[in-house]
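Number of protein chains: 2
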Amino acid sequence: MPELRKSPIMERWVIISTERGKRPDDFKREKLPPKGGFCPFCNGNEDKTPPEVLAYRDPKSLPDKEGWSVRVVPNKFPALQIEGDLDKRGDGIYDMMRGVGAHEVLIESPDHSKNLQYLSDSHVESIFWALRERCLDLKRDSRFRYILVFKNWGEEAGASLEHSHIQIIATPIIPKRAIEELTGAKFHYDLKERCIFCDILMQEIKEEKRIVYQNDHFIAIAPYAARFPFETWVLPLKHISAFEQTPTEWFPQLADIMKNVLLRLDIALDEPPFNFIIHTSPCNQPDLDYYHWHIEIMPKLTRVAGFEWGSGFYINPTPPEDAARILRDIDIELVTANNKEEQKVEEK
Amino acid sequence: MPELRKSPIMERWVIISTERGKRPDDFKREKLPPKGGFCPFCNGNEDKTPPEVLAYRDPKSLPDKEGWSVRVVPNKFPALQIEGDLDKRGDGIYDMMRGVGAHEVLIESPDHSKNLQYLSDSHVESIFWALRERCLDLKRDSRFRYILVFKNWGEEAGASLEHSHIQIIATPIIPKRAIEELTGAKFHYDLKERCIFCDILMQEIKEEKRIVYQNDHFIAIAPYAARFPFETWVLPLKHISAFEQTPTEWFPQLADIMKNVLLRLDIALDEPPFNFIIHTSPCNQPDLDYYHWHIEIMPKLTRVAGFEWGSGFYINPTPPEDAARILRDIDIELVTANNKEEQKVEEK
Numbered sequence: 497m498p499e500l501r502k503s504p505i506m507e508r509w510v511i512i513s514t515e516r517g518k519r520p521d522d523f524k525r526e527k528l529p530p531k532g533g534f535c536p537f538c539n540g541n542e543d544k545t546p547p548e549v550l551a552y553r554d555p556k557s558l559p560d561k562e563g564w565s566v567r568v569v570p571n572k573f574p575a576l577q578i579e580g581d582l583d584k585r586g587d588g589i590y591d592m593m594r595g596v597g598a599h600e601v602l603i604e605s606p607d608h609s610k611n612l613q614y615l616s617d618s619h620v621e622s623i624f625w626a627l628r629e630r631c632l633d634l635k636r637d638s639r640f641r642y643i644l645v646f647k648n649w650g651e652e653a654g655a656s657l658e659h660s661h662i663q664i665i666a667t668p669i670i671p672k673r674a675i676e677e678l679t680g681a682k683f684h685y686d687l688k689e690r691c692i693f694c695d696i697l698m699q700e701i702k703e704e705k706r707i708v709y710q711n712d713h714f715i716a717i718a719p720y721a722a723r724f725p726f727e728t729w730v731l732p733l734k735h736i737s738a739f740e741q742t743p744t745e746w747f748p749q750l751a752d753i754m755k756n757v758l759l760r761l762d763i764a765l766d767e768p769p770f771n772f773i774i775h776t777s778p779c780n781q782p783d784l785d786y787y788h789w790h791i792e793i794m795p796k797l798t799r800v801a802g803f804e805w806g807s808g809f810y811i812n813p814t815p816p817e818d819a820a821r822i823l824r825d826i827d828i829e830l831v832t833a834n835n836k837e838e839q840k841v842e843e844k
Numbered sequence: 497m498p499e500l501r502k503s504p505i506m507e508r509w510v511i512i513s514t515e516r517g518k519r520p521d522d523f524k525r526e527k528l529p530p531k532g533g534f535c536p537f538c539n540g541n542e543d544k545t546p547p548e549v550l551a552y553r554d555p556k557s558l559p560d561k562e563g564w565s566v567r568v569v570p571n572k573f574p575a576l577q578i579e580g581d582l583d584k585r586g587d588g589i590y591d592m593m594r595g596v597g598a599h600e601v602l603i604e605s606p607d608h609s610k611n612l613q614y615l616s617d618s619h620v621e622s623i624f625w626a627l628r629e630r631c632l633d634l635k636r637d638s639r640f641r642y643i644l645v646f647k648n649w650g651e652e653a654g655a656s657l658e659h660s661h662i663q664i665i666a667t668p669i670i671p672k673r674a675i676e677e678l679t680g681a682k683f684h685y686d687l688k689e690r691c692i693f694c695d696i697l698m699q700e701i702k703e704e705k706r707i708v709y710q711n712d713h714f715i716a717i718a719p720y721a722a723r724f725p726f727e728t729w730v731l732p733l734k735h736i737s738a739f740e741q742t743p744t745e746w747f748p749q750l751a752d753i754m755k756n757v758l759l760r761l762d763i764a765l766d767e768p769p770f771n772f773i774i775h776t777s778p779c780n781q782p783d784l785d786y787y788h789w790h791i792e793i794m795p796k797l798t799r800v801a802g803f804e805w806g807s808g809f810y811i812n813p814t815p816p817e818d819a820a821r822i823l824r825d826i827d828i829e830l831v832t833a834n835n836k837e838e839q840k841v842e843e844k
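Protein chains in written order, with our numbering: chain A, 497 to 844; chain B, 497 to 844.
One chain only, chain A, in its complex shape (with noise of 0.2 Å):
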């Protein structure tokens, strides 16, 4: 059973695997398996997964067998694991309790080489819906406090596996930068009486600038304080706070900005390694007027070091103005009809 250990100087969190600790050699070739090796998320090895928890099928076909579309299973190697009791304790000054949680992966697609942004429209929404579903399960669990959803794509973005997948945990406390965001929104929502995500779409509508794309119920800007070059943060225009509360009839648009927004990245910094993170309300607090939920892109363009380690604070060689315009220029119209074609082809 994995450890939560807290940092007795400050709130930070840190998961021990004590059982299959890493010795030195372990590290020495920490890479991505050959491309063209064996994939467990693929179409036919539905067996070589711990049994699925979700799965959008064929009706005729069986489960943990092939015919789905999208396919939630548990991490075969789990950071938390989902038996027993936190059994809080003591140990000196120190704190910790036990690594209980849920670690899950949402297979995107049978098909090993696409990646999110290349999928149908009507796929990627699928995948939101699958990811909602595990939301609202997870979250009956009253031993859990936070649910955080977030992708990571290429190597440099700590992807361990090429295959396209998202990946669910549930933590048995609410983690610090949640903690920090919901702490700072609230604090501007005492003293103004608005939640601070709406008061920054209303000057980022007002002022254009920061726009990378817009439809009716969601909007992408690059954040005035962007850590990262050219990261960008989808946002619902009218404010809700967690993300399973969202509308039914949004979802189309949801799956519409994101790969709007994935293939703009794309094209501009040719297919980076990148994360996404669903920043949202905490399990118990579905209703928040202070916070508003959204999802965080960060391509991985840049190396974190010494100074944002030590600071906290982050250096960012393009200003998100520029970042914007340059994402906002693109033509995606000839990329997304390709991609429709494609899609018809294989439809037949």
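A couple of the hints might just be wrong.
Below are the EDC-like pairs computed for lysine to aspartate or glutamate, each with C-alpha atoms no more than 20 Å apart in a straight line [claimed, not checked]:
(1) A:Lys-734 x A:Asp-712
(2) A:Lys-584 x A:Glu-499
(3) A:Lys-572 x A:Glu-658
(4) A:Lys-705 x B:Asp-591
(5) B:Lys-502 x A:Glu-804
(6) B:Lys-702 x A:Asp-591
(7) A:Lys-672 x B:Glu-676
(8) B:Lys-502 x A:Glu-676
(9) A:Lys-572 x A:Glu-499
(10) B:Lys-672 x A:Glu-804
(11) A:Lys-502 x B:Glu-817
(12) B:Lys-610 x B:Asp-752
(13) B:Lys-682 x A:Glu-507
(14) B:Lys-688 x A:Asp-591
(15) A:Lys-734 x A:Glu-704
(16) A:Lys-705 x A:Glu-817
(17) A:Lys-672 x B:Glu-507
(18) A:Lys-518 x B:Glu-817
(19) A:Lys-610 x A:Glu-621
(20) A:Lys-682 x B:Glu-507
(21) B:Lys-705 x A:Asp-587
(22) A:Lys-518 x A:Glu-499
(23) B:Lys-705 x A:Glu-499
(24) A:Lys-702 x A:Glu-817
(25) B:Lys-734 x B:Asp-695
(26) B:Lys-518 x A:Glu-817
(27) B:Lys-561 x B:Glu-548
(28) A:Lys-502 x B:Glu-703
(29) B:Lys-518 x A:Glu-804
(30) A:Lys-518 x B:Glu-767
(31) A:Lys-688 x B:Asp-591
(32) A:Lys-705 x B:Glu-499
Output of the computed footprint for chain B on chain A, the stretches with three or more beta carbons under 8 Å from beta carbons of chain B [stated by the list, open to error]:
(33) 648-656
(34) 665-675
I should point out that these hints are in silico values taken from the structure, not numbers from a laboratory. From a predicted model like this one, the values you see are computed outputs, not experimental measurements. Yeah, the Cβ is synthetic: ideal placement off N, Cα and C, and Gly gets one too.
Knowing the structure of chain A, use the given hints to seat chain B on it.
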């Protein structure tokens, strides 16, 4: 002039390079220059850096010429710029100031191929003397609130030049990480009237299992909630809040423990890329009862991915007790002996 922009949501500052903004193509090949290429830090190339602000050199030699052993120069591509006032201002709901600060580079030796831990004891001591001198000098500038000293070694740790060096950045705001540490330490002090770091040392010395190395004035431990495999902290055994307040007679011991720990990491992990960061008190608070200066050394063996970015908590696959035991058990006598032999040969 770079801009310092504050996140409207939380206490996070970003340095935005507004002038020489990087375009997409600039990120394509962000690699170290090839081995054996031109190096501006090498002996004989003194005119390829800005003029030195400090150098320990042969009394017969001239500034910015050969004959030095340790040399500090302004960074040719500074993250912050030394001239001007902060000019704090708002931009709608956003906050910013001009990117005023100092950014210096300490070149550890004229020898391109020698990392800090392979230099002689007295040479390493002189490096820390030079850092102390620069800290004392920069603290006299009332615009600066914090002096951040850090080292990136190896491409994965963010080094942009191969020749071993340390960076010094003076910032006009106290960085977020420092505020968090100071706040957490103060909370403990207010509760118990004891320094949290002194408490940590007391428990670690009693338990022994996380000690890596110790000499008369310093101790190296694997911290209880280590974020990274083989993360190691070096702390003075007695309470001192600012690095530059360290008694002068302790510097040989500081050089000894830093060399010792870095050599152990090199042997255990085959010369891993690493960062180290001096954590010290802010400029105008040299004597704090609640804060204890220390150095955090972080080998870069794992990649920080979406989970860490989204949560601010970390997954560490090597329990610190295992890391400390592996490092402690290394017999570095032989390595040190060889090293001394080499020095003798050089001195002849």
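Here is what the structure says about each hint:
1. A:Lys-734 x A:Asp-712: Given that 20 Å is the threshold and the Cα spacing comes to 10 Å, the pair holds.
2. A:Lys-584 x A:Glu-499: Holds: Lys-584 (chain A) and Glu-499 (chain A) sit about 10 Å apart, inside 20 Å.
3. A:Lys-572 x A:Glu-658: The given pair, whose Cα atoms are some 16 Å apart, holds under the 20 Å limit.
4. A:Lys-705 x B:Asp-591: holds (17 Å)
5. B:Lys-502 x A:Glu-804: Status holds; Cα separation ~15 Å.
6. B:Lys-702 x A:Asp-591: holds (17 Å)
7. A:Lys-672 x B:Glu-676: Status holds; Cα separation ~11 Å.
8. B:Lys-502 x A:Glu-676: Holds - the C-alpha atoms of Glu-676 (chain A) and Lys-502 (chain B) are around 14 Å apart, at most 20 Å.
9. A:Lys-572 x A:Glu-499: Roughly 18 Å separates the two Cα atoms, so the pair holds.
10. B:Lys-672 x A:Glu-804: The hint holds at about 10 Å.
11. A:Lys-502 x B:Glu-817: Given that 20 Å is the threshold and the Cα spacing comes to 15 Å, the pair holds.
12. B:Lys-610 x B:Asp-752: OK: Lys-610 (chain B) and Asp-752 (chain B) at ~17 Å, within 20 Å.
13. B:Lys-682 x A:Glu-507: At roughly 13 Å apart (the allowed maximum being 20 Å), Glu-507 (chain A) and Lys-682 (chain B) satisfy the hint.
14. B:Lys-688 x A:Asp-591: holds (17 Å)
15. A:Lys-734 x A:Glu-704: holds (18 Å)
16. A:Lys-705 x A:Glu-817: holds (6 Å)
17. A:Lys-672 x B:Glu-507: The hint holds at about 13 Å.
18. A:Lys-518 x B:Glu-817: holds (12 Å)
19. A:Lys-610 x A:Glu-621: holds (15 Å)
20. A:Lys-682 x B:Glu-507: Between Lys-682 (chain A) and Glu-507 (chain B) the Cα gap is close to 13 Å, so the pair holds against 20 Å.
21. B:Lys-705 x A:Asp-587: holds (13 Å)
22. A:Lys-518 x A:Glu-499: Given that 20 Å is the threshold and the Cα spacing comes to 15 Å, the pair holds.
23. B:Lys-705 x A:Glu-499: Roughly 17 Å separates the two Cα atoms, so the pair holds.
24. A:Lys-702 x A:Glu-817: It holds: about 14 Å lies between the C-alpha atoms, which stays within 20 Å.
25. B:Lys-734 x B:Asp-695: Roughly 11 Å separates the two Cα atoms, so the pair holds.
26. B:Lys-518 x A:Glu-817: holds (12 Å)
27. B:Lys-561 x B:Glu-548: holds (10 Å)
28. A:Lys-502 x B:Glu-703: With Cα atoms ~18 Å apart, Lys-502 (chain A) and Glu-703 (chain B) stay inside 20 Å; holds.
29. B:Lys-518 x A:Glu-804: Since the Cα atoms of Lys-518 (chain B) and Glu-804 (chain A) sit roughly 19 Å apart, the hinted pair holds (cutoff 20 Å).
30. A:Lys-518 x B:Glu-767: holds (17 Å)
31. A:Lys-688 x B:Asp-591: holds (17 Å)
32. A:Lys-705 x B:Glu-499: Holds: Lys-705 (chain A) and Glu-499 (chain B) sit about 17 Å apart, inside 20 Å.
33. 648-656: holds (count 6)
34. 665-675: Coverage by chain B holds for the stretch 665-675 of chain A (6 residues, Cβ < 8 Å).
Of the numbered hints stated above, none is contradicted by the structure.
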